[in-house]
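Chemist: Protein chains in written order, with the working numbering: chain S, 167 to 463; chain C, 7 to 470.
These aren't lab readings, by the way, just hints derived from the structure by calculation.
What you are looking at is a predicted structure, and each value in this text was computed from that prediction instead of being measured.
Possibly wrong hints are sitting among the right ones.
Unchecked claim - Covered stretches of chain S, going by a simulated chain C footprint (3 or more residues, C-beta under 8 Å):
#1 205-217
#2 252-259
#3 387-399
To be verified - Below, simulated DSS-like cross-link-like pairs (lysine-lysine); rule was C-alpha separation at most 27 Å, straight line:
#4 S/Lys291 x S/Lys309
#5 S/Lys408 x C/Lys251
#6 S/Lys421 x C/Lys251
#7 C/Lys137 x C/Lys74
#8 S/Lys408 x C/Lys417
#9 C/Lys286 x S/Lys408
#10 S/Lys368 x S/Lys421
#11 S/Lys408 x C/Lys277
#12 C/Lys335 x C/Lys286
#13 C/Lys274 x C/Lys286
#14 S/Lys337 x S/Lys375
#15 S/Lys271 x S/Lys350
#16 S/Lys238 x C/Lys274
#17 S/Lys421 x S/Lys353
#18 S/Lys408 x C/Lys419
#19 C/Lys340 x C/Lys277
#20 C/Lys460 x C/Lys213
#21 S/Lys309 x S/Lys271
#22 C/Lys274 x C/Lys196
#23 C/Lys148 x C/Lys469
#24 C/Lys362 x C/Lys286
#25 S/Lys368 x S/Lys337
#26 C/Lys196 x C/Lys277
#27 S/Lys238 x C/Lys277
#28 S/Lys238 x C/Lys286
#29 S/Lys368 x C/Lys251
#30 C/Lys460 x C/Lys419
#31 S/Lys272 x S/Lys376
#32 S/Lys421 x S/Lys270
#33 S/Lys171 x S/Lys291
No residue lacks a Cβ here, since even glycine has one placed at the ideal position from N, Cα and C.
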Amino acid sequence: MYLIKKKRVLHQTIFLMDVVAPRVARYCEPGQFIIVRIDEEGERIPLTICDYDREEGTVTIVVQTIGASTTKMMDLEEGDYFHDFVGPLGQPSELVTDDLEEVKKKNILFVAGGLGAAPVYPQVKWLHEHGINADVIVGAKNKELIILEEEMRAVAGNLYITTDDGSYVRKGLVTEVISDLVEKEGKKYDLCVSIGPMIMMKFCVLTTKKYDIPTIVSMNPVMVDGTGMCGGCRLTVGDEVKFACIDGPEFDGFKVNFDEAMERARLYRTEEGRAMLALKEGDTHHGGCGHCDGGNK
Amino acid sequence: MAAPGFERVPISEQEPLVRAKNFEEVCLGYTEEEAVLEASRCLNCKNPRCVQGCPVNIDIPAFITAIKESRFKDAYDKLSESSALPAVCGRVCPQETQCEQLCIRGIKGDAVAIGKLERYAADRAREEGIKPTLDVAPNGHKIAVIGSGPAGITCAGDLARLGYDVTIFEALHEAGGVLTYGIPEFRLPKEKVVAKEIENVMALGVKIETNVVIGKSVTIDELMSEEGFEAVFIGSGAGLPMFMKIPGENAKGVFSANEYLTRSNLMKAFKEDSPTPIYKPAKVAVVGGGNVAMDAARTALRLGAEVTIVYRRSEAELPARVEEVHHAKEEGIKFELLTNPVEILEDDEHFVRAMKCIRMELGEPDASGRRRPVPIEGSEFELETDAVIMALGTSPNPLISSTTEGLEINKWKCIVANEETGATTKEGVFAGGDAVTGAATVILAMGAGKAAAKGIDEYIKSKG
Numbered sequence: 167m168y169l170i171k172k173k174r175v176l177h178q179t180i181f182l183m184d185v186v187a188p189r190v191a192r193y194c195e196p197g198q199f200i201i202v203r204i205d206e207e208g209e210r211i212p213l214t215i216c217d218y219d220r221e222e223g224t225v226t227i228v229v230q231t232i233g234a235s236t237t238k239m240m241d242l243e244e245g246d247y248f249h250d251f252v253g254p255l256g257q258p259s260e261l262v263t264d265d266l267e268e269v270k271k272k273n274i275l276f277v278a279g280g281l282g283a284a285p286v287y288p289q290v291k292w293l294h295e296h297g298i299n300a301d302v303i304v305g306a307k308n309k310e311l312i313i314l315e316e317e318m319r320a321v322a323g324n325l326y327i328t329t330d331d332g333s334y335v336r337k338g339l340v341t342e343v344i345s346d347l348v349e350k351e352g353k354k355y356d357l358c359v360s361i362g363p364m365i366m367m368k369f370c371v372l373t374t375k376k377y378d379i380p381t382i383v384s385m386n387p388v389m390v391d392g393t394g395m396c397g398g399c400r401l402t403v404g405d406e407v408k409f410a411c412i413d414g415p416e417f418d419g420f421k422v423n424f425d426e427a428m429e430r431a432r433l434y435r436t437e438e439g440r441a442m443l444a445l446k447e448g449d450t451h452h453g454g455c456g457h458c459d460g461g462n463k
Numbered sequence: 007m008a009a010p011g012f013e014r015v016p017i018s019e020q021e022p023l024v025r026a027k028n029f030e031e032v033c034l035g036y037t038e039e040e041a042v043l044e045a046s047r048c049l050n051c052k053n054p055r056c057v058q059g060c061p062v063n064i065d066i067p068a069f070i071t072a073i074k075e076s077r078f079k080d081a082y083d084k085l086s087e088s089s090a091l092p093a094v095c096g097r098v099c100p101q102e103t104q105c106e107q108l109c110i111r112g113i114k115g116d117a118v119a120i121g122k123l124e125r126y127a128a129d130r131a132r133e134e135g136i137k138p139t140l141d142v143a144p145n146g147h148k149i150a151v152i153g154s155g156p157a158g159i160t161c162a163g164d165l166a167r168l169g170y171d172v173t174i175f176e177a178l179h180e181a182g183g184v185l186t187y188g189i190p191e192f193r194l195p196k197e198k199v200v201a202k203e204i205e206n207v208m209a210l211g212v213k214i215e216t217n218v219v220i221g222k223s224v225t226i227d228e229l230m231s232e233e234g235f236e237a238v239f240i241g242s243g244a245g246l247p248m249f250m251k252i253p254g255e256n257a258k259g260v261f262s263a264n265e266y267l268t269r270s271n272l273m274k275a276f277k278e279d280s281p282t283p284i285y286k287p288a289k290v291a292v293v294g295g296g297n298v299a300m301d302a303a304r305t306a307l308r309l310g311a312e313v314t315i316v317y318r319r320s321e322a323e324l325p326a327r328v329e330e331v332h333h334a335k336e337e338g339i340k341f342e343l344l345t346n347p348v349e350i351l352e353d354d355e356h357f358v359r360a361m362k363c364i365r366m367e368l369g370e371p372d373a374s375g376r377r378r379p380v381p382i383e384g385s386e387f388e389l390e391t392d393a394v395i396m397a398l399g400t401s402p403n404p405l406i407s408s409t410t411e412g413l414e415i416n417k418w419k420c421i422v423a424n425e426e427t428g429a430t431t432k433e434g435v436f437a438g439g440d441a442v443t444g445a446a447t448v449i450l451a452m453g454a455g456k457a458a459a460k461g462i463d464e465y466i467k468s469k470g
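With the rest of the complex left out, here is chain S:
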């Protein structure tokens, strides 16, 4: 059993939890994910790690209610327990494992869409702690869905916020911000890390390709075990089939077949469920749960 030490509601549908999981906290790195199960009957829900505290032995996750399980999860309070919490799974971000001196030479841009701000945060924070200030674009549907703004501001170089409806800072898509930064402000980036709904990552990659900025994306397809056993999370990357759970979740965005990945993510979704989700959640969910659309319409 894994204690929920802290819970913070970030939006009526989004919440953050610090979970006591010393084995995970000791080894996890930015870019990796965990799998959580609420109770004995629960499904296995993969979630990207948002933060961790090695001394406290806690791992932070950020969740959006997109189905029965995540709604049930939101009902849990501080002091309650998860039945299962396993990880760290997947590979750490290359920024963390690459030679630090090489990473320091790069101008890095992060692009976070909706809940994607959660997995982007630990990477930006890690870079900040290692003397690297990266620019960060955070986009969401509206002001209320911009999460972790203060935390991000504290560790980012420049923080650019944009909302689809213009309810906060600027109006427009994250891709428009990328274009503005490169074309109008003359910014030069050597690397982009884009995390968010698949459709956002797809268009982000189309944009960065135009400017020749290598781009890493974090994929979260349907999966069961998260250790390479089921193969449900397979993706086409270049001309190879990769398992997101053991080879990823981060991949070269220029090589990922997003259309196929988006199709595969839709397998278990009914028309009815999809309509309900579009109505309720919009396009902010980071996907991966197997039921939701991850914001891909």
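Based on these hints, arrange chain C on the given structure of chain S.
Modeler: This is chain C only, laid out in the frame that chain S set:
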């Protein structure tokens, strides 16, 4: 009931057309009377050949004699001396190619139904609440066992009986390995049989920590240097599914048998109220001819599909147990033998709509000694289906070998281990089961777990 003779006492099963619609166990097991009668067919050979055929060397004539004499607890105790999982083995062992194949009775007539009798003795003990007993003082040596499948459970059980302080590390949220995620309920009931036999091993003092992925959550080197384990047994299985690498394999509706069975067995997706989804189309094609293919096909059938098994060789080469093939056929599963998929065809929405296959014929024997299937030119045809389940085998997960220094693997990524002792190329680290052999059977994994327990005991003693 007739006097015992050349034929074995028949065992009752659920009617094929009834069981094809439920997940209850197919085989209902012997009654006491039937078991005693079948046991009386055993000739109690002085030099029992059956024992040689058993990977864990159960004293078969002794436990059968106990059944014959209605000493059922003795029968169970005899089984427990050699096996931690008798109720499991009585159900899923390929007895027909092991103990029963060597039975003298089999020369003229049917071999004694050793597996079914093992099942009877184990089931009866469980129903009567009889548990294996432990009469040994703890020796204080800490051993880690990685994986709670048949190899790990057996190794842990045997080490506990020798007084070791054993902790099992399991990556999933539930113990049992393939017994839990792979073999379906209708062949191996989870709560009634698997969980109970694992509980029995835990009752010997074995501890288990679930949700620990060795190589991710902690490494073997750390278990030994920081957590005080003096030896480690790796029984992590062969977890990675193989695919065919044919066009269309990433279409919606193509699954590995691992995924399909894990959803149904571990996550209980076969139950209506399970929060884990499973795909339930009208037509399912299963590619492969092993036990896993039969399990996937029979699961799909029970979830309401019309099921076809596609296998590239002929019936004689089907690697599945004869009993499983027989059951599958009885339940109405179709077989397209000497047939191989070449492409999976998608509809406009990228769902599977058909599988393009080619007919095969058998040519010269290949490395495995089986005749190599060769495509018949121009024989392609489309098999209409809504889903394809690939049951082509699995390979070991490199997670452990890639994070453990000095652990040698072979070209199939299997861990190199001594067959007699389980010793690997790294001191204090032993391995067995599918992680060493590649995908094989429950009982072979148990045999390897047993050998390694002995190997570990000798290793610890040699260190003084």
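Chemist: Does the alpha-carbon distance linking S/Lys408 and C/Lys417 stay inside the 27 Å limit?
Modeler: holds, 20 Å
Chemist: Within a Cα-Cα threshold of 27 Å, do S/Lys368 and S/Lys421 meet the stated pairing?
Modeler: OK: S/Lys368 and S/Lys421 at ~11 Å, within 27 Å.
Chemist: Does C/Lys460 pair with C/Lys213 here, judged by a C-alpha cut-off of 27 Å?
Modeler: holds, 19 Å
Chemist: Need the status of pair S/Lys408, C/Lys419: alpha-carbon distance at most 27 Å?
Modeler: holds, 18 Å
Chemist: For the pair supplied as a hint, S/Lys271 and S/Lys350, confirm whether the alpha-carbon distance does not exceed 27 Å.
Modeler: Given that 27 Å is the threshold and the Cα spacing comes to 23 Å, the pair holds.
Chemist: Does the alpha-carbon distance linking C/Lys340 and C/Lys277 stay inside the 27 Å limit?
Modeler: holds, 25 Å
Chemist: Quickly compare the C-alpha distance for C/Lys286 and S/Lys408 to 27 Å and report which way the hint goes.
Modeler: Roughly 25 Å between the alpha carbons, so the hint for C/Lys286 and S/Lys408 holds.
Chemist: Mind checking the alpha carbons of C/Lys362 and C/Lys286 for me, to see if they're no more than 27 Å apart?
Modeler: Holds. C/Lys362 to C/Lys286 sits at ~21 Å (cutoff 27 Å).
Chemist: For the pair supplied as a hint, S/Lys272 and S/Lys376, confirm whether the alpha-carbon distance does not exceed 27 Å.
Modeler: holds, 19 Å
Chemist: Measure nothing beyond the straight line between the CA atoms of S/Lys291 and S/Lys309; if it is 27 Å or shorter, mark the hint as holding.
Modeler: Cα-Cα ~23 Å, so holds.
Chemist: Taking 27 Å as the top limit, are the C-alpha atoms of S/Lys408 and C/Lys251 close enough?
Modeler: Given pair S/Lys408, C/Lys251 holds - Cα atoms ~12 Å apart, limit 27 Å.
Chemist: C/Lys274 and C/Lys286: Cα distance at most 27 Å?
Modeler: holds, 14 Å
When the structure is compared with the earlier hints, violations turn up for hints 11, 21 and for no others.
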